[in-house]
Amino acid sequence: MTNLWPELKPMARRRFMSLSLQGAVALAVSPAMVKNLLAGEDRSRLEISPGLLQKTIATALKRGGNLAEVYVENRVSRSIILEEGQFKSAVFGLIRGAGVRVIDGDKTGYAYSDELTEEKLQRAAEVASFIASSGKKTQAVSIKEQRRPSYVTVKIPLEEVAETKRMEIMKRAEEAALSYDSRIKMASIDYYDETRDRIIANSEGLLLKSSLPLIFFIVQTLATGNNTSHLGRERLSRHAGLEMFDQDTPEKAAKEAARESIAMLEAKEAPAGKMDVVIQNGWGGVLVHEAVGHPLEADNIAKQTGAFVGKLGQKVAADIFTMVDDGSLTGFRGTTDFDDEGTQMKRNVLIERGVVVRFMTDILSARQLKMERTGNGRRENFRYYPVPRMTNTFIEQGKDKPEDIIASTKSGLYVQSLSGGSVDPTTGMFNFTCREAYLIENGRKTAAVKGATLIGSCLDIITRIDAIGNDLAFGPGICGKGQSAEVTAGQPTVRIRGINVGGTRARG
Amino acid sequence: MDYKDLAEQVIKDCLKKGAEQAEVYLEDNRQLSLEVRNGQVESIQEAQSYGLGIRVIAGKRLGFAFVNDFKPESLKKSIDRAVEFARAVSPDENNQLPADPALTEIKAIYDPELSAISIDRKISLIQEVEKLALNIPGVTKSAGASYGESESQIIIANSFNWVKSYKSTGCGYGLGVIAEKGQQKSAGYESASRRFFADLKPATDLAGVAARKAVEMLDPKPLKTQRAAIILDPDVAYAILGGFIQAINGQSVLQGASFLGKKAGQKIGSELITIIDDGTREKGLASAPFDGEGVPTQNRIIVENGVLKGFLYNTYAGRRAGVKSTGNASRGGFADLPGIGPHNFYLAAGQVRPEDIIQNTSRGVLVKEVTGYGINPVNGNFSGGASGFFIENGKIAFPVKGITIAGTADEIFNGIDLIGNDLDLNRSLTAPTIRIKSLQIGGE
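In the order they appear, the protein sequences are chains A and B.
Read in order, the letters of the first sequence are residues 1 to 508 in our numbering.
Read in order, the letters of the second sequence are residues 509 to 952 in our numbering.
Incorrect hints may appear among the rest.
To be verified - Simulated pairs of lysine-lysine, BS3-like, Cα-Cα distance not exceeding 25 Å:
1. B:579 <-> A:185
2. B:732 <-> A:268
3. B:832 <-> A:410
4. A:481 <-> B:832
5. B:832 <-> A:120
6. B:649 <-> B:524
7. A:311 <-> B:584
8. A:88 <-> B:832
9. A:88 <-> B:525
10. B:649 <-> A:370
11. B:568 <-> A:171
12. A:315 <-> B:525
13. A:171 <-> A:55
To be verified - Take a look, some chain A residues computed to stay more than 12 Å from chain B by CB distance:
14. 95
15. 246
16. 313
17. 349
Quick caveat, the hints were computed from the structure, so don't treat them as lab data.
These numbers come from a predicted model, not from an experiment.
Note that the Cβ used here is the ideal one computed from N, Cα and C, for glycine as well.
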């Protein structure tokens with residue numbers, strides 16, 4: 001709903017835009033390590049003098065405004081594709097640039113440059129400054145570098161890893177997938193990693209630097225049989241070095257994708273109509289990410305258009321329902337040490353025992369709503385200004401055993417994994433596509449069903465959650481809102497009483 | 509350095525480094541975007557940026573690097589990496605750059621006036637559209653109006669000693685409005701994009717459509733789960749065409765990941781269906797003289813009277829399939845390897861007026877909005893959320909929201925029994941109103 005002219009070709013993006021493997025998280029490491037990382041072989045060191053940053057901020061504020069900011073970014077990336085037994089391509093990327101932003105009241109001026117020269121930064125600052133008209137003059141505070149705690153640790157830095165090492169990991173995944181079952185006809189492995197360096201400076205005197213690694217690993221398996229085909233998928237992602245694969249092994253991911261492809265070959269047509277739905281723990285949390293999380297982003301609230309306008313302090317769900325956004329979970333895909341405006345990451349409880357207690361803000365919406373900055377100001381890269389975004393969003397642990405939740409559901413749908421979905425934050429109407437789902441009959445998970453869609457409205461759906469498991473888990477993903485962001489979604493096993501399911505046959 | 513010279517220099521350096529073939533895709537882009545809410549300017553963003561992608565083939569292996577820093581040391585690093593990466597991957601005899609130096613002549617895809625039109629005029633346009641919509645009875649709030657434009661130059665050069673380039677522009681604006689009634693909230697959006705500023709639809713049109721979309725969906729009634737006719741409004745054309753495009757992607761076909769893979773030359777649906785992919789249309793939003801790797805674009809029939817005529821190929825997939833590239837190499841930008849994608853892609857208009865389609869439907873749903881992924885390209889199944897109007901005895905009875913519709917490819921394509929005459933070729937992915945005889949609807 002945010003992209004009003006999808007037919008216009010957007011500015012060139014990095015490869016993988018279709019998969020949106022965009023990088024966005026901060027590895028706050030020790031200053032010595034930053035130096036080390038920045039000096040890596042592929043990285044022309046990201047350097048910009050404090051004097052130039054200060055001068056750019058001053059130019060940006062010359063017509064007035066409440067805040068001016070310079071965001072500088074350098075991103076080195078690699079992506080490798082293994083498909084049909086072949087390493088099809090290997091891609092190296094080197095992108096840098098800076099964005100200058102001015103906030104004046106409710107208004108934002110933004111300009112960016114690919115070149116980090118004084119001339120281009122001054123020009124960007126000039127362009128951004130045109131927005132200011134309130135006459136409000138702000139004196140910029142002198143910038144001073146600050147240190148922040150880190151939520152990302154690295155054992156095997158990406159720069160020190162040979163390409164062949166990455167390819168070995170991919171090969172392991174491929175072999176595990178193809179040997180899982182003879183009906184797996186194809187495995188495709190996408191490997192992506194990047195190191196993103198950021199420098200953020202603003203007129204409040206902030207100066208922060210960080211360097212963050214990110215790995216995204218996707219296994220897709222195509223199973224064919226029973227006159228049909230199914231593409232299974234599993235994704236791994238962390239802000240970490242190559243040690244990520246010690247714990248989340250490529251074999252485990254491959255087997256999971258293969259298991260899904262095979263299981264779904266037997267799938268029957270999904271039923272249509274209203275029914276009880278149990279969603280398995282993990283990435284299934286993307287349902288509340290979309291349905292509840294997006295409407296809790298403060299830009300919708302500041303604009304007075306969101307579904308949760310006027311709901312702060314009100315009870316919107318049962319006591320068992322607590323929802324949290326926490327960008328400080330160590331190494332998670334949605335984690336950073338500070339957001340893309342320099343605000344410290346922390347645990348933010350959004351809905352506490354059914355009551356709305358907090359919205360997710362960026363600097364602008366926090367100002368407009370006179371609320372705290374929650375560390376949710378994020379951007380895809382320097383070509384975008386930040387907007388309120390989720391980080392790692394989840395339903396808090398409950399008390400029920402997952403098996404009891406299924407056993408106490410007479411009939412309905414068990415959703416093992418969801419593809420993804422979307423929401424209109426204004427109306428709160430959302431939709432989801434199931435990747436893998438089963439019928440629940442007499443308290444037991446039975447036949448696999450394909451092609452099921454879940455739809456509903458956010459304010460309605462949270463009142464229908466009546467059981468929450470004790471098995472909280474997470475999954476990595478990509479979130480789009482005119483620009484993309486790395487997120488994780490999480491939840492324990494959850495039951496929703498009465499949700500509309502779209503399937504191809506009437507309920508028998 | 510001039511961009512063409514730069515591109516040629518990079519190619520030379522790649523060959524010197526050991527590449528047998530090399531290509532440079534260079535993009536220079538100017539962008540402007542404006543947002544207004546409640547009459548006030550909310551944001552202005554403007555920037556010029558550029559970057560290039562280097563594709564090399566060495567020993568039949570493919571390497572790629574992209575960079576937006578044109579300083580010699582960064583270019584050198586990127587060239588070195590592209591060639592080294594090529595050495596690391598698997599050889600594939602289908603890796604080949606296109607040799608054809610030809611271009612297709614395309615009319616009017618560049619508006620030289622666009623950048624000269626003042627920002628104030630563009631702001632006034634969206635202030636006006638918002639104001640007009642807010643004055644329409646039933647509309648209670650604005651969700652904002654926005655304007656965007658881009659002007660870009662694409663240069664492609666490769667080691668077959670050709671350099672091709674073109675300039676293009678695009679501009680568009682749109683708005684969102686909200687209609688509230690008691691606890692109910694309904695949103696309506698409308699937008700339009702064109703190559704030329706002067707061709708943009710008038711603000712009164714857009715304001716009226718957005719307002720109507722929001723207001724007419726108030727007071728929806730629940731619908732029982734049932735099978736009924738489905739009429740798809742042109743606004744939801746992508747629900748059908750999106751998955752279809754992925755299924756005719758030559759690469760997916762080669763990989764066995766398309767439900768249409770074995771259907772070339774066969775009847776795949778109703779005789780009423782004709783589908784065209786046209787890269788050459790005057791002023792077309794997806795027209796260009798050449799595709800994402802420099803192959804001249806074409807105007808092709810994909811489905812003719814229900815018979816599937818062919819797939820979309822770039823050079824690589826075409827060689828693999830034993831056919832020529834169809835000029836369908838897509839390129840997300842300089843940072844992307846060529847993929848496969850359509851140009852102006854549409855389902856050809858039929859004979860029936862949309863109002864007559866409604867009148868001829870005794871029981872069904874006129875679908876105005878679809879959510880979800882549309883048709884699954886692998887197995888052809890369709891499942892999505894929908895809203896629109898329930899139709900009884902040839903008349904719109906009441907709005908419905910929160911329903912689902914689902915069907916198999918066979919039910920959808922063979923079930924198309926009426927096609928409207930209301931095709932809007934100003935969109936790049938487009939279809940007229942179509943009716944599908946019967947699909948499963950999920951409701952209460």
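Handout entry: Pairwise hint evaluation, residue 525 (chain B) against residue 315 (chain A), where the allowed Cα distance is 25 Å at most
Key = 66 Å, violated
Practice task
Take the C-alpha atoms of residue 649 (chain B) and residue 524 (chain B), compute the straight-line distance between them, and say whether it is at most 25 Å.
Solution key: This hinted pair is violated, its Cα atoms lying about 62 Å apart.
Exercise for the section: For the pair supplied as a hint, residue 88 (chain A) and residue 832 (chain B), confirm whether the alpha-carbon distance does not exceed 25 Å. Expected result: 20 Å, holds
Exercise for the section: For the pair we were handed, residue 568 (chain B) and residue 171 (chain A), check the Cα-Cα distance against 25 Å. Expected result: Answer holds: residue 568 (chain B) to residue 171 (chain A) is near 21 Å, not above 25 Å.
Practice task
Verify the proposed pairing of residue 732 (chain B) with residue 268 (chain A), using a straight-line Cα cut of 25 Å.
Solution key: 22 Å, holds
Problem - residue 349 (chain A) non-interfacial with respect to chain B [C-beta, more than 12 Å] - result: 26 Å, holds
Practice task
Would you check the hint for residue 311 (chain A) and residue 584 (chain B), treating anything up to 25 Å between C-alpha atoms as holding?
Solution key: Status violated; Cα separation ~56 Å.
Problem - Distance restraint between residue 832 (chain B) and residue 410 (chain A), which requires alpha-carbon spacing of 25 Å or less - result: 57 Å, violated
Handout entry: Pair hint outcome, residue 88 (chain A) versus residue 525 (chain B) [Cα-Cα no greater than 25 Å]
Key = 21 Å, holds
Problem - Pair hint residue 579 (chain B) and residue 185 (chain A), alpha-carbon separation not exceeding 25 Å - result: 45 Å, violated
Practice task
Given the hint that residue 649 (chain B) pairs with residue 370 (chain A), test it: the Cα-Cα distance must not exceed 25 Å.
Solution key: 22 Å, holds
Exercise for the section: Take a quick look at whether residue 481 (chain A) and residue 832 (chain B) sit within 25 Å of each other, Cα to Cα. Expected result: 38 Å, violated
In terms of the numbered hints stated before, the structure departs from hints 1, 3, 4, 5, 6, 7, 12, 13 and 14, listed from lowest to highest.
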